[in-house]
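From first to last, the protein sequence lines stand for chains X and Y.
Sequential numbering from 1 applies to the first sequence in the numbering used here.
Sequential numbering from 1 applies to the second sequence in the numbering used here.
Just so you know, the hints here were simulated from the structure itself, not pulled from any lab data.
Every residue gets a Cβ at the ideal spot worked out from N, C-alpha and C, and that includes glycine.
Be a bit skeptical, because a hint or two may be false.
With the Cβ distance kept under 10 Å, some of the chain X side facing chain Y (calculated, not the full set) [stated by the list, open to error]: (1) Asn63; (2) Ser68; (3) Asp161; (4) Tyr163; (5) Leu165; (6) Leu168; (7) Asp174; (8) Thr180; (9) Phe217; (10) Leu224; (11) Ser225; (12) Arg230; (13) Leu236.
Simulated pairs of lysine to aspartate or glutamate, EDC-like, Cα-Cα distance not exceeding 16 Å [said to hold, decoys possible]: (14) X:Lys212 <-> Y:Asp221; (15) Y:Lys212 <-> X:Asp221; (16) X:Lys212 <-> X:Asp174; (17) X:Lys212 <-> Y:Glu215; (18) Y:Lys233 <-> X:Asp221; (19) Y:Lys187 <-> Y:Asp50; (20) Y:Lys233 <-> X:Glu266; (21) X:Lys233 <-> Y:Asp177.
There are 2 protein chains.
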Amino acid sequence: MAAVIAHLGPRGTFSEQAALAYQTWLQENQGQDSSLMAYPSILQAIQAVDQEAATLAIVPVENSIEGSVAVTLDTLWQLASLQIQQALVLPIRHNLITHAHRTEQIEAIYSHPQALGQCQQWITRHCPQAILVPTRSTAESLRHLEDNATTAAIASTWAADLYQLPVLARTINDQPDNCTKFWILGKSPSTQGNHTSLAFSLPINAPGALLKPLEIFAQADINLSRIESRPTKRSLGEYLFFLDLEASLTAVHTQQTLQAIEDCTEQLKLFGSYDTIPIARPAVE
Amino acid sequence: MAAVIAHLGPRGTFSEQAALAYQTWLQENQGQDSSLMAYPSILQAIQAVDQEAATLAIVPVENSIEGSVAVTLDTLWQLASLQIQQALVLPIRHNLITHAHRTEQIEAIYSHPQALGQCQQWITRHCPQAILVPTRSTAESLRHLEDNATTAAIASTWAADLYQLPVLARTINDQPDNCTKFWILGKSPSTQGNHTSLAFSLPINAPGALLKPLEIFAQADINLSRIESRPTKRSLGEYLFFLDLEASLTAVHTQQTLQAIEDCTEQLKLFGSYDTIPIARPAVE
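Make a model of the complete structure from these sequences and hints.
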C-alpha cells in the first residue's frame, strides 16, 4: 500500500522539497510507493499522522541559523504516539523573486519570518527601503507578487519555476552553509539507528537539576549532539529538555543508562533511534 | 536629561505596555523622565541603543508558553556594547477583537505568530473555520479589521481601547499564567543585582562539553535559573549557551567561578547583573 507523506504546504515549500527527496529515497531503498499531502501548518501535518490520515509526516526540526522549530518539539512531546523514523538534512538557498528589474524598485518583501531573518544582511544592503512582511511559508509569499513590480518574495528557485516567476537575485542567504534538519515521524516503533532523541522534565524546577542527567550520560560515555530547552507552559522558569544522543536504543548499554536517567527525571519520553538518510543533492535546487 | 526608551511598535503592542510600566518605575524610583520611541522590529530597537539613537531598549526575552525570543538573544551576543539594566515580567492577556457579533462569522484571524500559538486551543474550539494570518505584532493585527465583520485580531484590551475597536471575547489565551519577561538594555555597566546573565561557546562542538561549566556552577553552589541553546550560525550542531545565574557580579565568589568558566569555554560574554523590578499590575490591562 502506498504511504501518504504529510508536509507543510502549499506547493513550493522547502518542506515539500524535503518530502520529494524522502519519497525518492523510500522508493529506491525500500521499494515503497508514496504520495505527498500538503497541510497548512506543521501542527496539522503532525496531527494527520497521529489521527492516521497520513502514514508519515516530514517536518523541520532545526535550522542552522534560526535554531529549533518550537512547534515540532512541543507537538512531539504532547503526542505520545509518534516516533522519529529517519532524519534528513536539506541545504537551504534563498532567492529574491520579483517582477522588478532593479532592487531599488522594491517596496515590500514577503516571506516566512525565518527566511526574512536568514537574508537580513543582504536585504539591508540591497533593499534598505523595503518593508518586510511575514507569510506562513516561503511558497505562500509568491502569491503576493501578482503583476506588481514593487513587491518581492523570498523562496527557492524551484518554487519560482513552479509558479513561473522571475528570479532577480540568487542565493541571497547571509550564511552559505544554511541547512535545515527534518524529522520523518510515524507510528512504527523506532529502535534501529545511531541517533536517539528524547525529552524530559525535571523534578526540581531549576536547570541546576539538569546536571545529574548530563553527568549520567558523560559517565556512560554517551555523547550528546544537541540539547534544547522548551518551556513546560506551566509557568515561567519551568523547562523541558530535548536531547539528541549518539547512541542506539538496541544497545544494552543505552538501555541501562536510560534507566538511570528515568530515576532522576520527572517525565521521560523516548522518540526513538534513527539514522540520517543521505541525499546526494536536494531533489531540486 | 530625559531618557529615550526604544520598544517594538506600533502603538498598542505588549512591548509598549512593558515600556509604559518601566517608564512609571523610572520616574517613581529614580526620578528619571523618559520618552518612548517605537521601532518596527526588535532588532531595530536594540540597534538604536547600540548606535546611541536611544538610551535604553525594552525587549521581550522569554514567554512562558512560546519560549525564548531568538532575535533578542542573538543580537545581544552580536553587539558587545549592551548590558542588561533590569528585568520586568508582564502578564499577557489575549482578546478577540472584531466587528463580528458571533465567532461563527469570522473567516480570518490576524495576530503575531506567538499570540496565535498561545490561543490555539480556544481558536480550534470557537473559530475552527478561521484561517490564521501572521502579523509583525499584535497591535499591527488591528489594522486588518477595518469595517469587515469577517475578520478578527488578537491583542490586548488596551490596544482595542486605543484604536476604539470592539472586544468580542476576553482572556482567550489557553494558559491563564501566560507572561513575558522583558530585559531593559543599555550601555551603562551592570554589576548590581541578584541575577547574572551570560552566554558562551564551547571549544568542542558538542553539548557534551557543556558538562564542565555546569559542574563548575554546581560545585560553586550557584543556581542556574535558565539555560538556552542557540545555533552559532556557522554550521548545524554548533551551539551557544545562554545562562541565567542566581548570583551577583559584585560577589568575589561569582568572579572566581566565572574565571574557571572562562578557562573551559571558547568565548564568554557577560551581560551584567540586574534585578527584576516589581510591577504591581500591568500599566494597563
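Compare the structure with the hints numbered earlier in the document and write down the numbers of the violated ones, lowest to highest.
Failing hints, ascending: 3, 4, 5, 6, 16, 18 and 20.
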